[in-house]
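Asker: Using the sequences provided together with the hints, build the complete structure.
Using the working numbering, you'd call the opening residue of the sequence shown number 1 and step up by one each time.
To be clear, the hints were calculated from the coordinates, so they are not data collected in a lab.
We put the beta carbon where it would ideally sit given N, CA and C, even for glycine.
Treat each hint with caution, since some may be false.
Stated by the list, open to error - Dumping the calculated DSS-like pairs for lysine-lysine here, alpha-carbon to alpha-carbon at most 25 Å:
(1) K698 with K500
(2) K294 with K313
(3) K172 with K200
(4) K524 with K209
(5) K209 with K135
(6) K698 with K209
(7) K341 with K313
(8) K350 with K376
(9) K640 with K524
(10) K643 with K384
(11) K474 with K447
(12) K705 with K289
(13) K503 with K596
(14) K596 with K664
(15) K289 with K575
(16) K575 with K294
(17) K500 with K155
(18) K200 with K175
(19) K289 with K465
(20) K196 with K209
(21) K500 with K485
(22) K313 with K410
(23) K491 with K503
(24) K420 with K341
(25) K575 with K309
(26) K323 with K485
(27) K596 with K522
(28) K522 with K643
(29) K294 with K456
(30) K209 with K503
(31) K256 with K491
(32) K350 with K410
(33) K384 with K664
(34) K522 with K698
(35) K175 with K197
(36) K197 with K136
To be verified - Have a look at the derived ranges for each label pair, beta carbon to beta carbon:
(37) V130 with A10: 19 to 27 Å
(38) G531 with V681: 31 to 39 Å
(39) A523 with H671: 22 to 30 Å
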Amino acid sequence: MTIITAICLAYMLLVAGVVFVRFVMADSKLKFVKGFKKGWFALIYFAAIPLFAMAHHYNGVSVDGSLFSAIKSTMDLIVLEYDYETIALLANANLFYMITTYICFVLVAINAGLFVFSFAIQIFKNWRTVKRATKKGVESYVFVGGTEQNFAFAKSVTAKGGRAIVLADLSKCDKESLCEQNVPYSAFDGKDDLLKKLTKLYGQFEDKKVNVVINTGDDKQNLLLAGQVTGICTSCGAEFLAEEKTGANVYVYGEKANTVVYEHLVSDTCGCIRFVNPNKIVAMDFVDKYSLTKFMTDEQVDFDTSLVKDDVKINVAFVGFGKTSQSLFDLFATASQLMTKQNGKIVAKKVAYHIYDNNDPMQNANLQHNYFRFAKQNDWHTGKDYLPMPQISVDDNFYDFGANSNEFYKSLYQNLVADKVYNYVVIACGDDLVNTNLSYRLVQKCKEWGVFDNTKLFVRIKDEKLAEQFAQGKMQNVYAFGSDKLLTDVKCIVNADMEKMAKLNHLTYSAEFAGGLSQSVKAKARSEWYGMTQTQRESNVWSCLGIRTKMQLLGFDYVSANESGEDASQEFLTKYTANDQIIYRDESIDGRRLIKYCNANFVPDTVRGIFAQQEHQRWNASMIFAGVVPSDIEQIKTDKKGKRMDLRRHGNLTTFDGLVDFAKIVAGQPHYNVDEEGADVIRYDYRVMDNVVWLLEKAGYKIIKK
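Answerer: As structure tokens, this is what we get:
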């Protein structure tokens, strides 16, 4: 009996010791404690069986009967029903047995106590982190909806020391997972009023900045919740919400097909609520990383003038035209405007887009409502007088068959094979394996056709690990894009670098028109920014997204300020302002001198002038792809200078030369009370590149040689 007792004691101490060591080494001690009853510590109960069996046998029960009775006593012990009467006689007769049994009872009690305590700790820990996340004077993030993307967003914020909270109807497993990552959560099933929930947590937002991300995975639910929080805007006011250190900004997720509905919500709330299309995030990342000029050499570009050579044929082919490709087409065609010289005149360089999809793109509702409104219909201007019509530098070609069609390779060959060709091929027609498999086939075809060296292929691979593995293969001229990892970086939707630069650029524009910077000018610029439509704000952001393209056309690029490489800002400015110097004023904004613009100083045939024309082409494209059409001359004379974004028409949608005529028309109307200098809008096309060194520096970048 003493030997069995000693074995039981040694066994329990061994198990307890191992559990303690594993507890100390565990990454998540809360999760480890919760696993006591179904993990290592459950082994303690195996020591109780022989201890109870010895007691039953000592009390006169047979060997077989004592074993079964011991199992029953152990089962009772699991639910903390201590069978002391059974062990009493033997414990009184054997001190060593008594100590061993009491140790067993204590360990069982510790097991149960810690298990219960762990739940209490979780509740307390979550309460504490909720308080921390809603603390005054601290920027917070609220993720509404129990989606994996929201969980990833919140974890990424808290991992960097930020404050975030998840509002959702969460499962027990999700709660434990969030708690382990120090992410607070609060119950919200979507039936409650979101505004009431937010004000309960954050008050009236007067002493903190709160970024609310509505992402339930259901567009209808997203819209309903967004509608509930419009009260933030009406109670606080747009200017208050636009403050950088206080107020609330709401980002609501939605599909491109529902853009019109979301844009009305954005307009009604003066920009407090913003529409987030995840496919557009992927498109922005693509255009930033793989701008159309990234791989161009002196075979395609004259780096002294920034002009693309006229005899170069540029093709962009989309194999598959789903949600991602549609957003990429919009943004790529907008941000990738190029200029060339024909017959001694600077004109837009046409880029041919070839779109392959089993569904006829000509029946696409988004294209019909937006891009095709100008590009294909053209019945809105019949019988009216207009300024010179803008030239669309997009040669669009739509094919209602995909990669499995017999016609596909024949058509692709005809479009990609030519002298002095430069091709981009975007593959997004299926799942990761389908896209990857097609990329290998197209590599073989491009080599067979003799255009592989001048063709870059881009493959949509969502799975992060597969994308990393694909990249490690280092296939020449083939690149993966659109990993789901990109969509878990909250920076992509809140305070993104491009938007930050766009807002700064707008501020300098307002200051220069006002003759200096003051608090009233800051307030006006801020109010104007958030009073813009989504289309207008995005156009300003796309302007900054196009910086890299213009840089690369001069032989430069930009990288993070922390990366290696000599700063080439001055070298860039020398080349950019050659024969066309920037005229500065005495006033400054945060280290950047304001610029004096005069109509007489615009010199079109310089790099600076070419970039201004290119920027106007980009603006035209951004408007056209949003379904905006030109205002006629009579509307320019009488109706807000033709600027009616509520009707999706604009008086500046014309050629670069047409902008000069626009200023003359406006100046000729007494009710506008402005001269040609005041009516000029060409200076806006100079802004982003005139400010580029300062803007990049503010966003944490530096200019380098390409």
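Asker: State the violated hints by number, sorted upward, taking the hints as numbered earlier in the document.
Answerer: Those not satisfied are hints 37, 38.
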